[in-house]
Amino acid sequence: MVYEADNSEAVEMKHIISILIENEAGALSRVAGLFSARAYNIESLTVAPTDDPSLSRMTLVTSGTDEIVEQVCKQLNKLIDVVKLVNLTDDVHVERELILIKVKAENEARDEVKRIVDIFNGHIIDMTDTTYTLEVTGDSEKIDALLKALEHITMLEVVRSGQLGMGRGAKGMGCKPC
Amino acid sequence: MELTGAEIIIECLKAEGIDYVFGYPGGAVLHIYDAFYKQDDVQHILVRHEQGATHAADGYARATGKPGVVLVTSGPGATNAVTGIATAYMDSIPMIVITGQVPSHLIGNDAFQEVDSVGITRPIVKHNFLINDVKDMALIFKKAFYVATTGRPGPVVIDIPKDITAEKTEFEYPSKIEMRSYHPTVKGHNGQIRRAIELIKSAQRPMIYSGGGVILGNGSEQLRTFTRSLGYPITQTLMGLGAFPASDPLSLGMLGMHGTYEANMSMHHCDVLIAIGARFDDRVTGSLEKFCPEAKIIHIDVDPASISKNVKVDVPIVGEVAPVLDAINAELAKITEPSNLGAIEKWWAQINEWRAQDCLKYDQNSKIIKPQYVVEELYKATHGDAFVTSDVGQHQMFAAQYYGFDKPRQWINSGGLGTMGFGLPAAMGVQLAHPGEMVACITGESSIQMCIQELSTCKQYSLPLKIINLNNGYMGMVRQWQEFFYEKRYAMSYFDALPDFVALAESYGHVGIKVEKPEDVRPALDEAFKQKDRLVFLDFITDREENVYPMIPTGAGLNEMILV
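Here the protein sequences come in this chain order: V and G. In short: position in the first sequence from 1, add 9, done, that's the working numbering. In short: position in the second sequence from 1, add 198, done, that's the working numbering.
Since the hints were derived computationally from the structure, they do not count as laboratory data. Just so it is clear, the structure is predicted and the values come from calculations on it, not from any experiment. We treat Cβ as the ideally placed atom computed from N, Cα and C, and that holds for glycine. There may be inaccurate statements among the hints.
Said to hold, decoys possible - Heads up, incomplete: computed chain V residues facing chain G, CB under 8 Å, no partners named: (1) GLU31; (2) GLY35; (3) ARG39; (4) GLN80; (5) LYS87; (6) ASP90.
Extracted from the complex, chain V is given alone in its bound form (with noise of 0.2 Å):
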């Protein structure tokens, strides 16, 4: 057996982690418990019932190196109510990202930033006379540009989902056969 030096578990990695979680009250303040209790560092969370009532999919952002961020999977899999986790990190996937910006929009900024809503592909979903919100969905990086576009543009209010992720290509990760 050879044991190379392996120097990439030192370095810190972002993760995006897949889980599907029995739909019943508590789930979410046992995986968020986990975190804060063996002090994890989690980015951000989403949680909804899917297709399937009983069930609820969380997609869940956190950071570490290597070694932690398999034992961040390996206890959030010792959940009781964990059916099945999936840490996307380790294969190709799609991530989105919603993003939803109320922007002061008056005089020359209102054209502003109607073209950068353009070139984020994103929309214009409300409207006042001094202001705009917009929309726009993305993988993370993308959504960082689009708020870096924005810098010189006043903001009155972010709101991000946090990230969505699912593995690429014909399988699913559900409990049902594909």
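Chain V is fixed; fit chain G onto it per the hints.
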């Protein structure tokens, strides 16, 4: 026939073969107590404080392998149980804790004696349930027992609002249970087992390190076969003592912070470490950077999350100890001529040199009673056959070091959480589980006072425990750390007032004996065990500043022990 929720609880307990429930009544559980009153199948043991109920159920579970059952009321009943639930959780003890809850319509209203029991206990249980509908009751009990007793065992809390215990439904206890989200691994992976066997066979300086998982998984027989067929040295954790007999020459005793010199040195120098049902606790490993620097590590554990949590291992095997060792033993039995005999012989020669250090020696000519001496005499007086519970501190370590445990489930202590107050109520559970057997609680004058009220329970149920109080007038382990690391500034590690323990025991209706001279130790013990139907409280006035040796200071490696 339709039954009330309260009656269903009794029926579920009967179906699970439960003979004792440890508890304390209160408003939210009155329907349940009424149902208890009307039947004789499940006996209720009335404690004096809910913490006592949890430790007693815990002691019962540790001594039998069956789940312990607790029944407490809402609010303070549940919060008083929290320490005992956490104690069981840290040591993976199967336990069912039924907590009463305020009626459904009052939940969230800050009602009288309301507390979010599910929320409070969430981080210290394997799982918990809040019952919303009496129709779910039977299934939830089935799930609770299944979860508590399989895989890596642990406590499960069932929180039941008062109104649910009065509602009626048809009762049918499920005969089987299938949970899509819970599938504990039983058998080990064959490929991993093969890799482990290769390492085991080729080891030059092997070491077996076994823990409480062997006892929990009923794998003692398999561990004995495994160790003896190889002739390899074995050390056991505080929680694992008794799984392999202390009296066997292959046993190097306990390892870790207060482990033996030979065990810790062998750990440090081994080239193959075989960890079985142990979790590389910080009290075992010392400094992680210095831990077993030359070893390839095999780790057998039922809990995948235990593997590579603290120490990265080379060959992980997830599965129950007994079937995994059965599979390994079957392969080892085929070996006729081991290739490493010479190396093993050399290894034992080295180990025996370490052994010759005699690290557990202490002053035999002391005019003051040495705590070690009391434990050794207890061993002799009971022929090593007693069930021994302990509290937490120096006396716990002396018990582990000097009472050679030869059988699993004989040594019962709070290893993970380190709960002072555990020993006495745990001993009650052990005595109820084994009515005819000798049960001793080794404790200290500080620990015993944390659940002293249970002496009253012992009287009510005629539990003839023998309490071995090693009374040095100090919180011994705290004082020892203050002596070593705080220049003897003994901040708050002593009591200016202690009760007269003899009079205290007598006031509860028991026998009390004070022992002040070494020559009186054995006669007092013999006298105590002669009183087969009485609880005897033996108050041994011991050396005030005796220390537990050897000791590994925090941050040191296993080869950096402080010896006497």
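Hints, one by one, checked against the model:
| no. | hint | result |
| --- | --- | --- |
| 1 | GLU31 | holds, 6 Å |
| 2 | GLY35 | holds, 6 Å |
| 3 | ARG39 | holds, 6 Å |
| 4 | GLN80 | holds, 6 Å |
| 5 | LYS87 | holds, 5 Å |
| 6 | ASP90 | holds, 6 Å |
Comparing the model with each earlier hint shows no violations; every hint is respected.
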